[in-house]
Amino acid sequence: MKEQRKDLWSIEADLRLITTNGHVTKAGKCVMGRGCAKEARDSIPGIDQKLGNLLGEHGNRVMRLTRINGADLASFPVKHHWKEEADPELIERSAKQLVALADKFGYTGVVLPRPGCGNGRLKWADVRGILAQILDDRFTVVSK
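Going by my numbering, 113 is the number at position 113 of the sequence shown; the sequence numbering is gapless.
All the pointers check out, no bait thrown in.
Here are the computed distance ranges between Cβ atoms for each label pair:
1) D137 - K83: 32 to 38 Å
2) R121 - E3: 18 to 24 Å
3) D42 - A100: 28 to 34 Å
4) R64 - K38: 18 to 24 Å
5) A132 - D7: 19 to 25 Å
6) A27 - A125: 33 to 39 Å
7) G70 - T25: 28 to 34 Å
8) N69 - K123: 26 to 32 Å
9) A27 - I134: 33 to 39 Å
10) H81 - D14: 26 to 32 Å
11) S43 - E89: 28 to 34 Å
12) K26 - K6: 34 to 40 Å
Below, computed lysine to aspartate or glutamate pairings styled on EDC-like, alpha-carbon distance capped at 20 Å:
13) K96 - E3
14) K104 - D137
15) K2 - E12
16) K123 - E84
17) K38 - D72
18) K144 - E39
Calculated from the structure, these hints are not laboratory results.
Ideal Cβ positions, reconstructed from N, Cα and C, are used throughout, including at glycine.
Hey, can you work out the whole structure from these sequences and the hints?
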């Protein structure tokens, strides 16, 4: 796993991840109100509805959502509900699912934010310890 101080949206990648939760509103949309999820929602029309539909079909897991600026975009679940703190066990599971996705589709440049460390209220030192055991050098974790 590599780390860089860069913007999630400007670093070159073939797969970009946004941290998400598993809560779907009555309207069928995933709550995407903070951080990079909000940035995605504000710039990609209907992404909250698409993720809401996928959550209903497949549950709260890593899923490809769309393609934007030459890279695939996928969800990286860190919370079960938007109100909760991020769940380290969910982050570990998501990281393992991410590796499987990268293996399956041959991604070699994967970028994600520090999962669970903003609105999720976890400490990067703790999350880093989880990810370092799972993610290899195909994966870059960015922070501003």
